[in-house]
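Asks: Starting from the known structure of chain D, arrange chain Z on it as the hints suggest.
Number of protein chains: 2
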Amino acid sequence: MSASTSKLAPIPAGSSQASVAEIARRARAASRLLAKLSNPQRNEVLQAVAEAIEKAMPQILAANAADCRAAEPAVKSGDMTTAMLARLGDQQKLANMPGYVRSVASLPDPLGKRLTATELDDGLTLYKETCPLGVIGVVFESRPEVISQVAALTLKSGNAVILKGGSEAARSNDVIVSVWRDCLGQFPAVPADAIQLLHTREEFTELLSRDRDVDLIVPRGSYELVHFVMRNSRIPVLGHGEGICHVYVDAAADLDKAVAVTVDAKVQGPAICNAAETLLVHRAVAKQFLPKVATKLGEAGVEIRGCPETMPLLAGTPVVPATEKDWATEYCDLILSVKVVADEDEAIAHINQYGSRHTDAIVTEDSKAARKFMDEVDSAGVFQNASTRFSDGYNYGLGAEIGISNSKLHARGPMGLEGLTTYKYKLFGNGHTVAEYSQGLKHFKHRPIK
Amino acid sequence: MSASTSKLAPIPAGSSQASVAEIARRARAASRLLAKLSNPQRNEVLQAVAEAIEKAMPQILAANAADCRAAEPAVKSGDMTTAMLARLGDQQKLANMPGYVRSVASLPDPLGKRLTATELDDGLTLYKETCPLGVIGVVFESRPEVISQVAALTLKSGNAVILKGGSEAARSNDVIVSVWRDCLGQFPAVPADAIQLLHTREEFTELLSRDRDVDLIVPRGSYELVHFVMRNSRIPVLGHGEGICHVYVDAAADLDKAVAVTVDAKVQGPAICNAAETLLVHRAVAKQFLPKVATKLGEAGVEIRGCPETMPLLAGTPVVPATEKDWATEYCDLILSVKVVADEDEAIAHINQYGSRHTDAIVTEDSKAARKFMDEVDSAGVFQNASTRFSDGYNYGLGAEIGISNSKLHARGPMGLEGLTTYKYKLFGNGHTVAEYSQGLKHFKHRPIK
Chain D
1 MSASTSKLAP
11 IPAGSSQASV
21 AEIARRARAA
31 SRLLAKLSNP
41 QRNEVLQAVA
51 EAIEKAMPQI
61 LAANAADCRA
71 AEPAVKSGDM
81 TTAMLARLGD
91 QQKLANMPGY
101 VRSVASLPDP
111 LGKRLTATEL
121 DDGLTLYKET
131 CPLGVIGVVF
141 ESRPEVISQV
151 AALTLKSGNA
161 VILKGGSEAA
171 RSNDVIVSVW
181 RDCLGQFPAV
191 PADAIQLLHT
201 REEFTELLSR
211 DRDVDLIVPR
221 GSYELVHFVM
231 RNSRIPVLGH
241 GEGICHVYVD
251 AAADLDKAVA
261 VTVDAKVQGP
271 AICNAAETLL
281 VHRAVAKQFL
291 PKVATKLGEA
301 GVEIRGCPET
311 MPLLAGTPVV
321 PATEKDWATE
331 YCDLILSVKV
341 VADEDEAIAH
351 INQYGSRHTD
361 AIVTEDSKAA
371 RKFMDEVDSA
381 GVFQNASTRF
391 SDGYNYGLGA
401 EIGISNSKLH
411 ARGPMGLEGL
421 TTYKYKLFGN
431 GHTVAEYSQG
441 LKHFKHRPIK
Chain Z
1 MSASTSKLAP
11 IPAGSSQASV
21 AEIARRARAA
31 SRLLAKLSNP
41 QRNEVLQAVA
51 EAIEKAMPQI
61 LAANAADCRA
71 AEPAVKSGDM
81 TTAMLARLGD
91 QQKLANMPGY
101 VRSVASLPDP
111 LGKRLTATEL
121 DDGLTLYKET
131 CPLGVIGVVF
141 ESRPEVISQV
151 AALTLKSGNA
161 VILKGGSEAA
171 RSNDVIVSVW
181 RDCLGQFPAV
191 PADAIQLLHT
201 REEFTELLSR
211 DRDVDLIVPR
221 GSYELVHFVM
231 RNSRIPVLGH
241 GEGICHVYVD
251 AAADLDKAVA
261 VTVDAKVQGP
271 AICNAAETLL
281 VHRAVAKQFL
291 PKVATKLGEA
301 GVEIRGCPET
311 MPLLAGTPVV
321 PATEKDWATE
331 YCDLILSVKV
341 VADEDEAIAH
351 INQYGSRHTD
361 AIVTEDSKAA
371 RKFMDEVDSA
381 GVFQNASTRF
391 SDGYNYGLGA
401 EIGISNSKLH
411 ARGPMGLEGL
421 TTYKYKLFGN
431 GHTVAEYSQG
441 LKHFKHRPIK
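These protein sequence lines map, in sequence, to chains D and Z.
Read in my numbering, the first sequence has 222 at position 222, and its numbers run on one by one without any break.
Read in my numbering, the second sequence has 116 at position 116, and its numbers run on one by one without any break.
Honestly, the hints are just simulated from the structure, not real lab data.
A couple of the hints might just be wrong.
Copies of the same chain are indistinguishable here, so a pair counts whether it falls within one copy or spans any two.
Said to hold, decoys possible - Taking lysine to aspartate or glutamate pairs in the DMTMM-like style, the calculated list, with each CA pair at most 25 angstroms apart, reads:
hint, residue 1, residue 2
1, Lys-128, Glu-376
2, Lys-450, Asp-109
3, Lys-368, Asp-109
4, Lys-372, Asp-109
5, Lys-55, Asp-211
6, Lys-325, Asp-254
Bound conformation, chain D alone (with noise of 0.2 angstroms):
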């Protein structure tokens, strides 16, 4: 995040003068009202919140505009680059926030789903049934239409969430969030403190002690970042770190479907998480597979870093030698490492050892090795004959993500609305107690209902 335009961000946003011990208790105060909304109160709300958007959308892209020209000076010292520039005045993904906030309004609600629901005894009734976490820190960078992407998933799951976006980008935000902030305010049920904004680096670093009044925190950016906040936080953190990511191409292999998905994998986009890093390739069909597979990633501009073996195999074309320090690495860009293996469990030893745990792919003909490299390898995601790059909450179908987890608990891989929700026990009973179980006067039923 760039410090260095943060004194030209004048506009005081709603709730930015309290402290921010403040902001999170009314942030919990808000989470306890959201609770009781319905799912369709919660669409209203995010239909009109969808209109009042197109209706500011001129006072939205004119904030954007200050926000971009103020950025010009770090442009050109190179305390910000081109890239964080365009990001951040991307008036395409602006204009798209209502759609957006539509299509969440339309999902499945994701709150009150019973999950499980058993006769303890007669007249004594367990439902395990889904409920909001409560309040959702998330932190992000440069661009300011996310803002109205997580604002649209909390509140459809009935949380409120403490936003701090890039300085950069202070105008865009406080001018979306205040847009929020009236609509949620017309409703009467609804408080408009189920969004709130932070502006310094320093509220957000003392965000991270409120562990009493925040339930979860989502870091959204940098590798740096989110370490950053997993080393700060006694709040529970859930956000992805690297993403290194394998394609392996086994002895039953599909040459073409190899080609097809390494270079997907690869190509379609590099910098994403879900990007392919190494090729792992059965010696078996390395001799035939590498030259076809070198041609085509050649083609897109793709550096191959090989393993001794590769070397002699890819004579014709350019390969960098790779070092010990390649099959760890994430490069976010045109460069794949490129490794022979023995066999199959050499792949799947190499994928677990190097790996991040997030995607990977092996392409066979042979069911049994693709059963087999799915329940081995200790991945969010296991993928055979496709590419990894389908590792995302929209594709899967989820409808919405809020970020991809690494972690293995609670949301694993792609996080949509489910990863936003908990769960309680509800019991209905009538005077039962524990003594009379304990004593051996009545006994449990434990009868699932269907």
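Replies: Structure of chain Z alone, referenced to chain D:
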């Protein structure tokens, strides 16, 4: 954990000669093998372990007797309580181990459960399936039979476990772990390192930093132990903190049920986390209900700490005035704080402010009031007309319990085998690439498969 007996534990344990890094690495390797076992294979091992424990029971009881003898000086010097000694030397619990292991074997397979199935497009199908977490670290105090409980649950769920028990139970722990490891070692496909034992607090503290090889830490023991682990772990921790549970007697309560529920919630297991610590009474029924319940509580030896409004209503009963601190205290004893509230909203607000989000009950015949309480109280268990003491994995029909989680993430409330699993997404394609979809040549169908 008492350190005074640690030098009296000379039995060398299978794995304890290795460094913690090596132990963690072995556990990870073992977890890879465990993930390949079928449910019948896992059950066969558990049945064999149950038999081996039965055969080894004389040695186990002898080691346990030696532990108890060695602990006598610590009890005399006051370093160890007699309650701890009783837990350490509970021979009935040791004798129950084989039965417990067999009951875990009989539970349904928690692995390979299909959570969702979606046809993303023709020939491109996504499954979300449960799988083991990998490696679990468990620290516990005093009670050596916990080893067999935990090891049965982790093996059943395909996880490797690293255990750390109290030094006062070192001999018992070593013998029990040896029985498990020897039995596992007799199965060619099963790694003995699925179960390993640490011996010192320093080793366990070091384990808390092995976040690459350990997926989850479960502390079972005192509040101090749980919070020590939470403060010092780089690995996710699931353990319960406090259990400040409430019974709220509504205006529409059946007062006989209210007495039964209140007495059971306080008296039936006062040292257990799901016991009630505070009774909230609606003003409309306080005058009638409080003397009634106070008589029964008094008979059970319960000390009452009352709010200013409670005091005159219990003029004939010895009541200690409650202070602000009482509302936030887990007594773990026969003490109950009592507060009269103006309405249900005040009761809910009190619980959300002072409670520990564990389990809270409303006594009422008004189903609307019950629904409101259940929706608005932010706790893992919300009960109508039933004692808070029902909040337990066995009572809930989970079959077994590794602990009770106060976290809202991953596992909330009583945590059975499901809490020891995660999931992965398995995607089956036929050479599918994301480029075809981003270029609009193909379109997702996202059809749920029943």
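Asks: So, for every hint listed, does it hold in this structure?
Replies: Evaluation of the provided hints:
1. Lys-128 to Glu-376: Cα proximity of Lys-128 and Glu-376: across copies only (15 angstroms, versus 31 angstroms in one copy).
2. Lys-450 to Asp-109: both (21 angstroms within a copy, 19 angstroms between copies)
3. Lys-368 to Asp-109: between (38 angstroms within a copy, 22 angstroms between copies)
4. Lys-372 to Asp-109: Between copies only: 19 angstroms across chains, 36 angstroms inside a chain, cut-off 25 angstroms.
5. Lys-55 to Asp-211: neither (37 angstroms within a copy, 49 angstroms between copies)
6. Lys-325 to Asp-254: This pair counts as neither: shortest intra-copy Cα distance 30 angstroms, inter-copy 70 angstroms.
The structure fails hints 5, 6 (numbered hints given earlier, in ascending order).
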